[in-house]
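**Q** Since the structure of chain L is already known, use the hints to place chain G on it.
Top to bottom, those sequences are chains L and G. Offset between the first sequence (1-based) and the numbering used here: plus 10. Offset between the second sequence (1-based) and the numbering used here: plus 385.
Hint data in this document are derived by calculation from the structure and do not stem from the laboratory.
The list that follows gives simulated cross-link-like pairs (lysine to any residue, SDA-like), each with its CA atoms no further than 25 Å apart:
(1) K510/G with P28/L
(2) K400/G with D56/L
(3) K510/G with A425/G
(4) K400/G with S495/G
(5) K429/G with I463/G
(6) K400/G with A55/L
(7) K510/G with A59/L
(8) K510/G with F80/L
(9) K510/G with R36/L
(10) K510/G with D27/L
(11) K429/G with A458/G
(12) K510/G with R60/L
(13) K429/G with I583/G
(14) K510/G with M467/G
(15) K400/G with Q410/G
(16) K429/G with T507/G
(17) K510/G with Q472/G
(18) K510/G with A55/L
(19) K510/G with R475/G
(20) K510/G with R39/L
(21) K400/G with A59/L
(22) K510/G with G468/G
(23) K429/G with S417/G
(24) K510/G with R58/L
(25) K510/G with A524/G
(26) K510/G with I583/G
(27) K400/G with R60/L
(28) K510/G with Y37/L
(29) K400/G with K510/G
(30) K510/G with H31/L
(31) K400/G with H31/L
(32) K400/G with R62/L
(33) K400/G with D420/G
(34) K510/G with L397/G
(35) K400/G with G61/L
(36) K400/G with S505/G
(37) K510/G with A76/L
(38) K510/G with E49/L
Model, not experiment: these values are computed from the prediction.
Chain by chain, the residues run as shown.
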Amino acid sequence: MAERFLPGARVRTRRADPPHHTRLPRYARGAVGTVLEPEGRHPLADDRARGRDAEVQTVYTVRFAADELFGEGDHWVMLGLFDSYLEEDA
Amino acid sequence: MSGDHGGASAALAAKVRRVEALLEQRGLVDASELDRALTAFLAKGSLASGARAVARAWLDEGFRERLLSHANAALPEIGLSMGGGLQEQRLKVVENTPSQHNVIVCTLCSCYPISLLGPSPTWYKSEGYRSRVVREPRAVLHEFGYDVPDDVEITVWDASAESRLMVLPRRPDGTQGLSEAELAGLVTRNGLIGVAPI
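Isolated chain L, as found in the complex (with noise of 0.2 Å):
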């Protein structure tokens, strides 16, 4: 199955704040990054944790600018992140 991002993809995360368990740390929220690898297929944390039929999907690695994240800072952080938590950046 062709993945959604290749590497080098500017995406951008969801900025909804779940009632629920997830995987998207809030400080990553609504946040541009760029795609550096899929890390394989597993069941979305997000329906595991309330006990659901989780859907696969792909994990990406997410680099991300500190700046983007927070304002300041001259490091990067990078996160896996579920393909439902990402949007291409226009």
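**A** Below, chain G without anything else, positioned relative to chain L:
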């Protein structure tokens, strides 16, 4: 929402003990069965394993490349695996260089490569480390006694989903001629987390 292993840990421990007691009362698990499973799980995880992988990578360029590109496939070459838990976990090894420093954290809970590093230190699970190292890594590393030079770029890896992470530290100067076992003896847990140099 995210987990909290800091202030809520006592309440969580009490909850776990209660569930354990109920499972035993109802005959669903044998009292010694859990202890056996836990002991076996922790026995497989030891800092010696991660240290051995690092020492081999310092000595063997081919192994180093394989460890960095496909860690799960490289580990069995030295008799290791990421399969100690319920299922094999993906391992990503990230390399420190003269211009790049890596540090790992799990901001949402306490994900950690137990099979290569052993049980995680308490500070790794603390609210302070988890919330601050992503935001101000230089300041946090300074508190560990490690001042990263200004011209070295820092990357913080947040184990937010399915992968576990380990740092491949820089080989210390003056270690030419040391054996693999001697090199492994130099490797520290904090070095593999990225809060200290080796």
